Amino acid sequence: MSKEIKNQYMSLLGQYLKYQTERNLYLGQNFSRKLVQKNITPEEVISIHKESLEEIYSGSDNFTEDMRNALDFLTEFMIQYGLALGKQKNLLKKQEEMDHELELAANVQKTMLKTTIPEIEGLSLGSVSIPARKMNGDYVYFQGDGKRFVGIGVADVVGKGIPAALCMSMVKNGLDTLGQPSISPSYALDVLNRIVEKTVDDNMFISMFYGRYDLTQSIFTYASAGHEPALVFKEKTQSFIELESEGLLLGVLPDVHNLEKNINLETGDMVIIMTDGVTECRVDDRFIEKAELIDLIYKYKDQEPQQLAESIHQEIEMLSNFNKMADDLTFVILKKED
Amino acid sequence: MDCKLEINEKENKVMGKVNGEVDAFTAPDLRDQLLEVELKKGMLVELNLEGVSYMDSTGLGVIVAFYKNITAKGAKLKLTHLSQRLQRLFDITGLSGVIHIEKEGAVGDHERI
Numbered sequence: 001m002s003k004e005i006k007n008q009y010m011s012l013l014g015q016y017l018k019y020q021t022e023r024n025l026y027l028g029q030n031f032s033r034k035l036v037q038k039n040i041t042p043e044e045v046i047s048i049h050k051e052s053l054e055e056i057y058s059g060s061d062n063f064t065e066d067m068r069n070a071l072d073f074l075t076e077f078m079i080q081y082g083l084a085l086g087k088q089k090n091l092l093k094k095q096e097e098m099d100h101e102l103e104l105a106a107n108v109q110k111t112m113l114k115t116t117i118p119e120i121e122g123l124s125l126g127s128v129s130i131p132a133r134k135m136n137g138d139y140v141y142f143q144g145d146g147k148r149f150v151g152i153g154v155a156d157v158v159g160k161g162i163p164a165a166l167c168m169s170m171v172k173n174g175l176d177t178l179g180q181p182s183i184s185p186s187y188a189l190d191v192l193n194r195i196v197e198k199t200v201d202d203n204m205f206i207s208m209f210y211g212r213y214d215l216t217q218s219i220f221t222y223a224s225a226g227h228e229p230a231l232v233f234k235e236k237t238q239s240f241i242e243l244e245s246e247g248l249l250l251g252v253l254p255d256v257h258n259l260e261k262n263i264n265l266e267t268g269d270m271v272i273i274m275t276d277g278v279t280e281c282r283v284d285d286r287f288i289e290k291a292e293l294i295d296l297i298y299k300y301k302d303q304e305p306q307q308l309a310e311s312i313h314q315e316i317e318m319l320s321n322f323n324k325m326a327d328d329l330t331f332v333i334l335k336k337e338d
Numbered sequence: 001m002d003c004k005l006e007i008n009e010k011e012n013k014v015m016g017k018v019n020g021e022v023d024a025f026t027a028p029d030l031r032d033q034l035l036e037v038e039l040k041k042g043m044l045v046e047l048n049l050e051g052v053s054y055m056d057s058t059g060l061g062v063i064v065a066f067y068k069n070i071t072a073k074g075a076k077l078k079l080t081h082l083s084q085r086l087q088r089l090f091d092i093t094g095l096s097g098v099i100h101i102e103k104e105g106a107v108g109d110h111e112r113i
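Same order as they appear, the protein sequences are chains A and B. When we follow the UniProt record's numbering, the leftmost residue of the first sequence carries the number 1, and every step to the right adds one. When we follow the UniProt record's numbering, the leftmost residue of the second sequence carries the number 1, and every step to the right adds one.
Where hints are given, some of them may not hold.
[Stated by the list, open to error] Computed Cβ-Cβ distance ranges for the label pairs, DEER-style:
(1) 95/A / 73/B: 38 to 44 Å
(2) 169/A / 23/B: 36 to 42 Å
(3) 35/B / 169/A: 28 to 34 Å
(4) 262/A / 68/B: 29 to 35 Å
(5) 35/B / 80/A: 32 to 38 Å
(6) 2/B / 65/A: 57 to 63 Å
(7) 73/B / 266/A: 50 to 56 Å
(8) 107/A / 42/B: 32 to 38 Å
(9) 35/B / 237/A: 38 to 44 Å
(10) 173/A / 72/B: 48 to 54 Å
[As the list claims (entries may be wrong)] Within a straight-line C-alpha distance of at most 25 Å, the following computed SDA-like cross-link-like pairs (lysine to any residue) qualify:
(11) 10/B / 84/B
(12) 261/A / 233/A
(13) 78/B / 253/A
(14) 73/B / 261/A
[Stated by the list, open to error] Part of the chain B face toward chain A, derived, beta carbon under 8 Å:
(15) 5
(16) 7
(17) 8
(18) 33
(19) 51
(20) 60
(21) 61
(22) 64
(23) 95
(24) 100
Hints listed in this document are in silico derivations from the structure and should not be mistaken for laboratory results. The model shown is predicted, which means the values in this text are computed figures rather than measured ones. Where a beta carbon is used, it is the ideal one built from N, C-alpha and C, also for glycine.
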């Protein structure tokens, strides 16, 4: 510690010993702030204090041996406080750095995984995907050729946060490489499974739904790799169908052949694809029931798909009492128009 | 969450019982406990999930990793007493087609005959 600090402290202390005024106390407080900035530890302050007293009382009997010993004891005593303080400062600094990096990573993720909703006459699409934390473990992928085919992928990586988000870029790259809206859903999932199985850890996996809509035939073809079943709303009968499918999660076994199924869509029919953040949403102490979800969709069914997805999301948020969402939440809606 | 494992060396069998919620917070504990099982060729590991009130995808990840490890070592995994909710989770994810799951009552039916 520098001599300058000691001298300054001594002069402040000397002043206060002579005149116990508010102003002298205030000057001391300001000086202590300066010492914190300079990383002077508590035990160092006590030792400065002791040395200052030695000088102030030199030649007098007022500063006794007992007081000296007591201050030595206090110096030793404060060492642990100093260490703890240093550690805490370090942690705070590290946390700031991490927060900053996470922010950057979330931005990179947003840019990297950006997908544009294709515009095609005769079909409208809506999509909402809200992460539970900074980074999203759900992923929505759209591709369209502007004429006949639209491909939609919805994926959910086990776990949340950064590891899940990193995995997502693998799915995107796989789909980009396959790169055709006309691709068969089961084939797309077979290929993705091979990529994921080779790359990820044993306890990681991805559930994924992939659907392709063919505008010329009004047929929606879909396959699911362990994903929450999608719902179809039939306008004519005003009823819902669950698109059951028995595919295995991506990344569990190396060679999997997924089956695909077809469903005919008529004007006004909707396909609703979601992630388990929706069905695993907790309402008080229970989970939201499928029937409640269907009621919600029915309530807003006349809205445009994008609006509908947003309305449902808002209602679910309200149902879960604005608890911090336990899981990432995603809704994609496809509607056949005239 | 708690997990009790009983190892029967003689029969080359491990009986386990898991209780409580298996989620992102408790799944690492379960994984650590399952890692302690010394897997041997031909060993049967039976996990009773009757007391599992909730399992999320992280919990499922632990079971999948355990299953992969068991298969790689030439041992076998069997899950028993799944609640309806849990059974649905294994059905939707396609895992019930891969991992041996004893359906409720199946043993009882067999014994009656």
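Now for the hints, and whether the structure bears them out:
no.	hint	result
1	95/A / 73/B: 38 to 44 Å	holds, 41 Å
2	169/A / 23/B: 36 to 42 Å	violated, 26 Å
3	35/B / 169/A: 28 to 34 Å	holds, 29 Å
4	262/A / 68/B: 29 to 35 Å	holds, 33 Å
5	35/B / 80/A: 32 to 38 Å	holds, 36 Å
6	2/B / 65/A: 57 to 63 Å	holds, 60 Å
7	73/B / 266/A: 50 to 56 Å	holds, 53 Å
8	107/A / 42/B: 32 to 38 Å	violated, 52 Å
9	35/B / 237/A: 38 to 44 Å	violated, 52 Å
10	173/A / 72/B: 48 to 54 Å	violated, 28 Å
11	10/B / 84/B	violated, 33 Å
12	261/A / 233/A	holds, 17 Å
13	78/B / 253/A	holds, 18 Å
14	73/B / 261/A	violated, 36 Å
15	5	violated, 19 Å
16	7	violated, 22 Å
17	8	violated, 26 Å
18	33	violated, 14 Å
19	51	violated, 17 Å
20	60	holds, 7 Å
21	61	holds, 4 Å
22	64	holds, 6 Å
23	95	holds, 7 Å
24	100	violated, 14 Å
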